[in-house]
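Q: If you read the protein sequences in the order shown, they are chains A and B.
Take the first sequence: its letter number 188 is residue 188 in full-length UniProt numbering, and every next letter is one higher.
Take the second sequence: its letter number 180 is residue 180 in full-length UniProt numbering, and every next letter is one higher.
If you are wondering where the hints come from, they were derived from the structure by calculation, not from laboratory data.
Hints may be right or wrong, so weigh each one.
Stretch by stretch, here's where chain A covers chain B in the computed footprint (C-beta under 8 Å, at least three residues) [as the list claims (entries may be wrong)]:
| # | region |
| --- | --- |
| 1 | 58 to 66 |
| 2 | 147 to 160 |
Pairwise CB distance ranges (calculated) [said to hold, decoys possible]:
| # | chain 1 | residue 1 | chain 2 | residue 2 | range |
| --- | --- | --- | --- | --- | --- |
| 3 | A | R265 | B | N218 | 37 to 43 Å |
| 4 | B | R91 | A | Y176 | 30 to 36 Å |
| 5 | A | I254 | B | N218 | 23 to 29 Å |
| 6 | B | D18 | A | G128 | 43 to 49 Å |
| 7 | B | Y68 | A | A207 | 50 to 56 Å |
| 8 | A | V163 | B | G224 | 20 to 26 Å |
| 9 | B | S88 | A | V171 | 51 to 57 Å |
| 10 | B | H226 | A | S162 | 23 to 29 Å |
| 11 | A | P201 | B | R97 | 52 to 58 Å |
| 12 | B | R91 | A | E177 | 28 to 34 Å |
Backbone N, C-alpha and C define an ideal beta-carbon position, used for all residues, glycine too.
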Amino acid sequence: MDAEQRGAWPSITVSGASSSFLDYVSASNPGLLPFGRTLPAGTLPPTPHGTTIAALTFDGGVLMAGDRRATMGSMIANRHIEKVFPADRFSVLGIAGTAGIAIDIVRLFQVELEHYEKIEGTLLSLEGKANRLGAMIRANLPMALQGLSVVPVFAGVEAGASVGRLFSYDVTGGRYEELEHHSVGSGSVFARGALKKLWRPGMDKDAAVAVAVEALIDAADDDCATGGPDLIRKLWPVVYVVTDDGAQRVSSDILAAVVGTVVDRQTTERREA
Amino acid sequence: MSQQFYVSPEQMMKDRADFARKGIARGRSVVVLSYRDGIALVAENPSATLHKIGEIYDRIAFAAVGKYNEFESLRQAGVRYADVRGYSYDRSDVSARGLASVYAQSLGTVFTAEQKPFEVELAVAEVGAIQAQDHIFRLTFDGSIADESGYLAMGGNAELVQGQLRDLWQVGAGLEQALAWAVAALQKPRQDIAGAGGGPGADGLGAGNLEVAVLERNGHEVRGTHRAFKRLAPAEVEKILSSQGKA
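Construct all of the structure, not just a fragment, from the sequences and the given hints.
A: Right, dumping it as structure tokens:
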């Protein structure tokens, strides 16, 4: 916000025109948006990228887990990055792709949902939230064509219901509902293989956490851009569970135990491949 | 061809102020008061959906009396202002003082420049880490702004309600106590009317015609959210009010 816009008070006449923060900012202050710039021709310098997100449904909700590594080419740019965020009380989103833009899109999406809730006095439906996220990813398409793509995965439960639902997106904002489980990012092929074999219908929350962590460990094993659990720094994946009680981050104590179990088993079995 | 009569600026402002005051006095009152664990906002409001009290931002709430469409548009503009500011700087950079001063600007401009002034009175409350850091701002139709300490009443019979609060309010009360004070203060004008005709207030204020919300001081630790605003359902209000009666 520059000096002359800072004092600008939203006009009374446009009040009530829209409940969308994205629409409001696009009209009044487009420079604040993470996307929508026309980039000059030329090659982009390397930027940090986030990688693997695994998401799966379980009995009573849905879960999302992300590793902690951001890479810039073959270099590790960050070991602590978080790629899974609560979107609001009943939904979470994870992002893969250009980290800088993705994190801003997450921030924008969080404000968008809260803004709607405050203006309207009610929550958006889960489908409504999924569609808004699609619109934001579509708005980022020009940037994606220049190499700055963001691919999210969205999960949540409808308030008052206890069935978890999963949505994936392509760079054009296309929205697809996924059943059972889904994964995005460079390690997703490996995570997906693991999820396919480990996911079972009717799992409880604890079983789902174990499956998600193991899927990420498998992805980290085969994809250099995905970080495995870091036993030295005590870095565990970021895991969020959404039930009808709301979205909750799984504590690091629980994750340490789950990681310990998987690592111990693989050590005892002396697995090679 | 009609000739415009000369009206002195003093007279014009006085007329406008009288007009706005009349509009506000028709409405029912709203009370905002600070207590040990937060700030309570209590309105006499029989409607369950047309709110007089609303959430603006993490630790900031809004209460209003007067014309619904006018204060609703101000509430929405406040939410937009706060969200844009929090998004472009940081959530901690949104303050009640900043919001109150833009409300004052906006109301002042409308009062002097528009066809008719807004018939509204607003309160902007921000809950602090301790009770001494709570802020309650009062904004009137002409854009004047006042920093109230501890409690505030506005709307019809505001002086009477405010006077009652002045007698009751003390630092460090719990929520039950604060709600009891708020209800007692809101009931005061009714009792006076009923008292003149004999007997206590015939239609007492119950949970059904109260709109109650709180800004929780430690909402982050209790509910794990950065949003301190919480609307209390009528059943909850009923429970709190009756527990006070037994104590």
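Q: Determine for every hint whether it applies to the structure shown.
A: Results of checking the hints against the structure:
Figure legend: the region 58 to 66 of chain B, annotated as covered by chain A; annotation inconsistent (0 residues with Cβ-Cβ distances under 8 Å, at least 3 required). Evaluation of the coverage hint for the region 147 to 160 of chain B: breached, as 0 residues show C-beta separations to chain A shorter than 8 Å, against a requirement of three. At roughly 42 Å, the beta-carbon separation of R265 of chain A and N218 of chain B lies within the given 37 to 43 Å, and the hint holds. Taking the beta carbon of each, R91 of chain B and Y176 of chain A are about 33 Å apart, inside 30 to 36 Å as hinted.
In this structure, I254 of chain A and N218 of chain B meet the distance hint of 23 to 29 Å, their C-beta atoms being roughly 25 Å apart. The hinted range of 43 to 49 Å is satisfied by D18 of chain B and G128 of chain A, whose Cβ atoms lie roughly 46 Å apart. Against the hinted window of 50 to 56 Å, the Cβ-Cβ separation of Y68 of chain B and A207 of chain A comes to about 51 Å, which satisfies the hint. Distance hint for V163 of chain A and G224 of chain B: a CB-CB separation of about 23 Å, consistent with the stated range 20 to 26 Å.
For the hinted restraint 51 to 57 Å between S88 of chain B and V171 of chain A, the CB-CB distance of approximately 26 Å leaves it violated. Restraint check, H226 of chain B to S162 of chain A: a C-beta distance of roughly 25 Å satisfies the suggested window 23 to 29 Å. Between P201 of chain A and R97 of chain B, the C-beta spacing of about 55 Å keeps the proposed range 52 to 58 Å intact. Between R91 of chain B and E177 of chain A, the C-beta spacing of about 32 Å keeps the proposed range 28 to 34 Å intact.
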